[in-house]
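Residue strings, one per chain:
Protein chains: 4
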Amino acid sequence: MKKVGFIGAGIMGRPMAANLLKGGLELYVWNRTRDKCNDLIAAGAKWGESPAFLARECDVTFSMLADPAASVDVCFGLDGVVTGIGEGRGYIEMSTIDPGTARRIADAVTKAGGRFLEAPVSGSKKPAEEGTLIIMAAGDRSLYDEVEKAFGMMGKMSLYLGEVGRGAQMKLCVNLVMGGMMAAFCEGLALASRIGLDLRDMLNILDAGAMSNPMFRMKGGLVLSNDFPVAFPLKHMQKDLRLALLLADEAGQSLPATAVVNELFKKARGQNLGDLDFAALWRVTKESGH
Amino acid sequence: MKKVGFIGAGIMGRPMAANLLKGGLELYVWNRTRDKCNDLIAAGAKWGESPAFLARECDVTFSMLADPAASVDVCFGLDGVVTGIGEGRGYIEMSTIDPGTARRIADAVTKAGGRFLEAPVSGSKKPAEEGTLIIMAAGDRSLYDEVEKAFGMMGKMSLYLGEVGRGAQMKLCVNLVMGGMMAAFCEGLALASRIGLDLRDMLNILDAGAMSNPMFRMKGGLVLSNDFPVAFPLKHMQKDLRLALLLADEAGQSLPATAVVNELFKKARGQNLGDLDFAALWRVTKESGH
Amino acid sequence: MKKVGFIGAGIMGRPMAANLLKGGLELYVWNRTRDKCNDLIAAGAKWGESPAFLARECDVTFSMLADPAASVDVCFGLDGVVTGIGEGRGYIEMSTIDPGTARRIADAVTKAGGRFLEAPVSGSKKPAEEGTLIIMAAGDRSLYDEVEKAFGMMGKMSLYLGEVGRGAQMKLCVNLVMGGMMAAFCEGLALASRIGLDLRDMLNILDAGAMSNPMFRMKGGLVLSNDFPVAFPLKHMQKDLRLALLLADEAGQSLPATAVVNELFKKARGQNLGDLDFAALWRVTKESGH
Amino acid sequence: MKKVGFIGAGIMGRPMAANLLKGGLELYVWNRTRDKCNDLIAAGAKWGESPAFLARECDVTFSMLADPAASVDVCFGLDGVVTGIGEGRGYIEMSTIDPGTARRIADAVTKAGGRFLEAPVSGSKKPAEEGTLIIMAAGDRSLYDEVEKAFGMMGKMSLYLGEVGRGAQMKLCVNLVMGGMMAAFCEGLALASRIGLDLRDMLNILDAGAMSNPMFRMKGGLVLSNDFPVAFPLKHMQKDLRLALLLADEAGQSLPATAVVNELFKKARGQNLGDLDFAALWRVTKESGH
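Protein sequences appear in the order of chains A, B, C and D.
Going by this note's numbering, the letters in the first sequence line up with residues 87 to 376, in that order.
Going by this note's numbering, the letters in the second sequence line up with residues 87 to 376, in that order.
Going by this note's numbering, the letters in the third sequence line up with residues 87 to 376, in that order.
Going by this note's numbering, the letters in the fourth sequence line up with residues 87 to 376, in that order.
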């Protein structure tokens, strides 16, 4: 693997691409708005004229985009990845997309002779910058083996999970746990607050024991300030909970606690908190009871 | 503070007393069954003939017992703490007891001229041995200041939370979060298991990200082996959730997610899993859906 | 049974006593405020000077009071039922009281040689006036047999349910269903309202099918007008749900749906809707999501 | 309206068509398996050779089929309704179908010059026979006015709810209430059963008061016998709850109680109770806690 392409220079994509560059790879970049690639180009990356160009010229092309619609465009649109990719080339979709879209892209890439991996990540802006993402890859095994080293530049852990779809499924299971943890965190703090305990004491206690985790530390600060600048938008968390519940419905798995957690996030979304960080669930939990 | 008493030499009490001894304090011990104190005595502790004797002879007496009934007995029974304690002596109840019992003991000790602290702990056998408990103290402030150093021998953190009752309340809030985390953990793993993902992969992913915490690490191993040797009994967790919900009821705080989590633990208790570790919730979560 | 006593002339008690009078019984009445008995006395009832007087002079004395505290007072207070009741006399507590209080009263009455029934009712003001209450009796069987005819004057159905405590338990089970039905009703209407369906249409459809019931008819009108004059106070419904959940906890019965319904009523109570009719749950259901 | 067509002669369709015949209409029938129409033909109906034939020859054609797939086939398949229908003819889909399918059929029928109504019903086998269905119609208003009399032969109530989609939405809202009522019913009975109350007593009490409704009467008998011959399959109830929750999700309406009820039905479905009557939820409720 000599030449590598990267599509998408947003909050996540730019630092990820930068880490590939730091790792010593020859990097071609493309973004709808070229300006966003200036820093990368200044640091040694080359501009590729289109997704098709990257897919054709590079051994492997990664993409990290804002939403499934952008993924579809970049892949199937004019001068899209599908029109460029050929025998043996690899395409790796790191955006979070639904299983149906993932399969359509996989089919198109494979038909054109290419190889495909979905590789959604866990972790947001900061881990992307620090190269400590967790990468849940699924699809072509040979391609996974070839890019494992590149994954290592962007993340602290990558896993190969099987056929296309497994990556997205794993991410839903993980985010289900995250949503439930947040609800437990908010309800415990809300009770403490209601009966007049000091939330700082409670956060310190939580952080000293077996439940201690970085998320409680980070989000505890947001709760104390009742200010929720977005790292992972609440509306995305609620969407993931809905998708996890639908997956469970198909599979016949009853998830009573998660179902209620989803309704709480849904209520928060309905109160226009959807674009804040998902820790803004606090506002709904705290107010309920007034 | 020169002489210190310790009542209770069970799984928790023995290592806690041993840590006070290691800390250089002059220690008197008492336990219903004297045999259990043999190791402590061999290590330098002195046998006290009754709770009353300890309360009278020592500057401060700690107790750590199995249940509220034992606490009541040790305090109000024949040759109990209340009959021995006098002007300026301190009594510190570290067992988890209900607020009503705590207040009764506090009143009796205070009336007799003594000072009282409730000081329930977070952490089980291992942190007791390693001196890394978290101590949530409430009651007499001057007594707290005097024993803070002794608390430091048994725990890695102690907090003074205010009037008697605050310690138990804080513990309920913290355990509410713990119960909710466990439910989220089990439901996420159950969905993963149901759709055929590898639980080891999921545990690794959880452990690599912002949710990473010692509890998931420890309990994840139990889930994989489906074997749940008790550290914190499931029935105690359910009792704490029930008490937390009653506290919230009085305070007018709605806790929908916790209410469902409590019903899940209740179901587990009803399936004779109450004496296993609270991670045995897994069995209920996993089976629901078959 | 010739002479009958009736203690309590409130919203429920007055029409119930009136129905006993219409049924042709010789009736003695007592109420803390004598004025409230004026209508009954004008209609032929005699004034009894105290609860003790009634208990002594009458073959059977019924009571219907506002809360457990009033029941305790009337029974154990100065010139209370216990000081008057003697061999063979009957005392029937129709107020809703907790099992502990019921047992204390039963013990005292029995010790004094009397016989006791608890007999909580289902139905509020209107059924009390129309003599269509449902009476859930428990305690002394021979007393039940003697007063069955009197129950028939106050209610359209009476059942003997066994030992003291069974009446209150049955009432909790019945009210649990009522709370759950109300939650389902409100959530269904809230969804319909949110998506722009006409609530009158939906109420008509519900009333035409297998779910058709008087409660939905009555409460549907309240929902349409968003006005909730109290028939059964929301705070009492929430109290009954809490007690039902505690009963289930002791018995090891998991009730996930009821647990969430209780939290919804708790939220409504916390929003100062406790003194409105329990159909005011609508306001909480409707707003959630804004 | 002189000639009327009826497609589908299953458990629901046959008695519905029979009621149109009894109402004095000239009836043409079609069913995939002609044998099922024998009784109708013996009673005076005429055989129509295909859906297209009915749509062409009759002023209005009704259909009542087992599932959306059958509806699509009958409409778009070889000799389907769409190929026959023309200027001014009416087509009325009374099967329960999803909004997407309803709109596709509506579009095709309208394009061909016909008029369309979706008209899902509430009520199962018995109301179909007795002509006491509830009909939730939506679509072409002029067609509704013309067939209102025919609806009156099949149902005791019909409502015009607006544009295509409103009928299906209303049915989901109504079934949401039905699912919640069943969960409340089962949990109340489960608690009663667990603490040793007589379920017959409780059913009698429920039937005597404000909650009294035909559904509790019918399903109470099933619960007592623990035998659940299907009237409305549990899996269909769970599907409707899932669809109602998705509708609420889109609309931003939080439904915590319904979310848990859905999980309970899902659990029942997962325990192979999906083909029994939806009252088989009892088995899941009763067992939880063992």
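Take the hints with a grain of salt, since some may be wrong.
Derived PhoX-like pairs: lysine-lysine, alpha-carbon spacing no greater than 25 Å straight-line [unchecked claim]: (1) C/325 to D/372; (2) D/235 to D/211; (3) B/372 to D/372; (4) A/325 to D/235; (5) A/321 to C/372; (6) A/372 to C/372; (7) B/89 to B/122; (8) C/132 to C/122; (9) C/108 to C/321; (10) D/122 to D/132; (11) D/235 to D/372; (12) B/372 to D/235; (13) D/372 to B/321; (14) A/372 to C/197; (15) B/372 to A/325; (16) C/321 to C/88; (17) B/197 to B/242; (18) C/211 to C/325; (19) A/235 to A/211; (20) D/197 to D/212; (21) B/242 to A/372; (22) B/325 to C/325; (23) C/372 to A/325; (24) B/372 to D/325; (25) A/372 to C/89; (26) B/321 to B/211; (27) D/325 to C/372; (28) B/325 to D/211.
Short derived list, chain C residues pointing at chain B, Cβ under 10 Å [to be verified]: (29) 184; (30) 185; (31) 186; (32) 189; (33) 190; (34) 324.
Facing chain C, from chain B, some residues (calculated, C-beta under 7 Å) [what the hints assert, rightly or not]: (35) 172; (36) 189; (37) 190; (38) 194; (39) 325; (40) 336.
If you're looking for bench data, these hints aren't it; they were derived computationally from the structure.
These figures come from a predicted structure and were not determined experimentally.
From the three backbone atoms N, C-alpha and C, an ideal C-beta is built for every residue, glycine too.
Hints, verified against the model:
In summary, the hint linking residue 325 of chain C to residue 372 of chain D is supported, as the alpha carbons are separated by about 24 Å, within the 25 Å threshold. At roughly 21 Å between alpha-carbon atoms, residue 235 of chain D and residue 211 of chain D fall within 25 Å of each other, so this suggested pair holds. Between residue 372 of chain B and residue 372 of chain D the CA atoms are separated by roughly 18 Å; this keeps the pair inside 25 Å, and the hint holds. Between residue 325 of chain A and residue 235 of chain D, the direct Cα distance comes to roughly 45 Å. Violation of the 25 Å bound is thereby established for this hinted pair.
A threshold of 25 Å between alpha carbons decides the hint, and for residue 321 of chain A with residue 372 of chain C the separation of about 21 Å falls inside it, so the pair holds. Taking the CA atoms of residue 372 of chain A and residue 372 of chain C, the gap is about 18 Å. The hint holds against a cut of 25 Å. A threshold of 25 Å between alpha carbons decides the hint, and for residue 89 of chain B with residue 122 of chain B the separation of about 21 Å falls inside it, so the pair holds. About 13 Å separates the Cα atoms of residue 132 of chain C and residue 122 of chain C, which keeps this hinted pair within 25 Å; it holds.
Between residue 108 of chain C and residue 321 of chain C, the direct Cα distance comes to roughly 34 Å. Violation of the 25 Å bound is thereby established for this hinted pair. A threshold of 25 Å between alpha carbons decides the hint, and for residue 122 of chain D with residue 132 of chain D the separation of about 13 Å falls inside it, so the pair holds. A C-alpha spacing of about 45 Å is found between residue 235 of chain D and residue 372 of chain D, which places the hinted pair above 25 Å, so the restraint is violated. Annotation: proposed proximity of residue 372 of chain B to residue 235 of chain D is violated, straight-line Cα distance about 53 Å (limit 25 Å).
Of the supplied pair hints, the one linking residue 372 of chain D and residue 321 of chain B holds, its CA atoms being roughly 21 Å apart against a limit of 25 Å. Simply put, residue 372 of chain A and residue 197 of chain C have alpha-carbon atoms about 51 Å apart, too far for the 25 Å limit, and the pair is violated. The suggested pairing of residue 372 of chain B with residue 325 of chain A holds, with an alpha-carbon distance near 24 Å, which does not exceed 25 Å. For the hint pairing residue 321 of chain C with residue 88 of chain C, the CA-to-CA distance comes to about 39 Å; that exceeds 25 Å, so the pair is violated.
Between residue 197 of chain B and residue 242 of chain B the alpha-carbon distance is near 32 Å, which puts this suggested pair outside the 25 Å criterion. Restraint check: the Cα-Cα separation between residue 211 of chain C and residue 325 of chain C comes to about 20 Å, which is no more than 25 Å; the hinted pair holds. Distance check on the hinted pair: residue 235 of chain A and residue 211 of chain A sit about 21 Å apart at the alpha-carbon level, within 25 Å; holds. In summary, the hint linking residue 197 of chain D to residue 212 of chain D is not supported, as the alpha carbons are separated by about 37 Å, beyond the 25 Å threshold.
Our distance criterion of 25 Å between C-alpha atoms is broken by residue 242 of chain B and residue 372 of chain A, whose separation comes to about 30 Å. Between residue 325 of chain B and residue 325 of chain C the CA atoms are separated by roughly 20 Å; this keeps the pair inside 25 Å, and the hint holds. As the CA atoms of residue 372 of chain C and residue 325 of chain A are separated by approximately 22 Å, the hinted pair is consistent with the 25 Å bound. A C-alpha spacing of about 22 Å is found between residue 372 of chain B and residue 325 of chain D, which places the hinted pair at or below 25 Å, so the restraint holds.
Only pairs whose Cα atoms come within 25 Å are accepted, and residue 372 of chain A paired with residue 89 of chain C is rejected, the gap being roughly 57 Å. A hinted pair counts as satisfied when its Cα atoms are at most 25 Å apart, and residue 321 of chain B with residue 211 of chain B qualifies at roughly 17 Å. A distance of roughly 24 Å separates the Cα atoms of residue 325 of chain D and residue 372 of chain C; the hinted pair therefore holds under the 25 Å criterion. Proximity of residue 325 of chain B to residue 211 of chain D is assessed by CA-CA distance (about 47 Å); at most 25 Å being required, the pair is judged violated.
For residue 184 of chain C, the interface hint is violated, the least distance from its beta-carbon to any beta-carbon of chain B being 15 Å, above 10 Å. With a least beta-carbon distance of about 17 Å to chain B, the hint placing residue 185 of chain C at the interface is violated under the 10 Å criterion. Look at residue 186 of chain C: its Cβ only gets to about 15 Å from chain B, farther than 10 Å, so that hint breaks. For residue 189 of chain C, the shortest C-beta to C-beta distance to chain B is roughly 20 Å, which exceeds 10 Å, and the interface hint is violated.
Interface hint at residue 190 of chain C: violated, since its Cβ lies 19 Å from the closest Cβ of chain B, which is beyond the 10 Å cut-off. A hinted interface residue such as residue 324 of chain C counts as satisfied when its beta carbon comes closer than 10 Å to some beta carbon of chain B; here the least separation is about 8 Å, so the hint holds. Against a cut-off of 7 Å between C-beta atoms, the interface hint on residue 172 of chain B is violated, since the closest Cβ of chain C lies about 37 Å away. A distance limit of 7 Å between C-beta atoms decides the matter here; for residue 189 of chain B the minimum to chain C is near 20 Å, and the interface restraint is violated.
This hint is violated: residue 190 of chain B has a C-beta 19 Å from the nearest C-beta of chain C, more than the 7 Å allowed. Contact between residue 194 of chain B and chain C, as hinted, is not supported at the beta carbon level, the nearest pair being about 25 Å apart and thus beyond 7 Å. Checking residue 325 of chain B against chain C: minimum C-beta separation of about 9 Å lies over 7 Å; hint violated. Given hint, residue 336 of chain B at the interface with chain C, is violated; its Cβ is 10 Å from that chain's nearest Cβ, farther than 7 Å.
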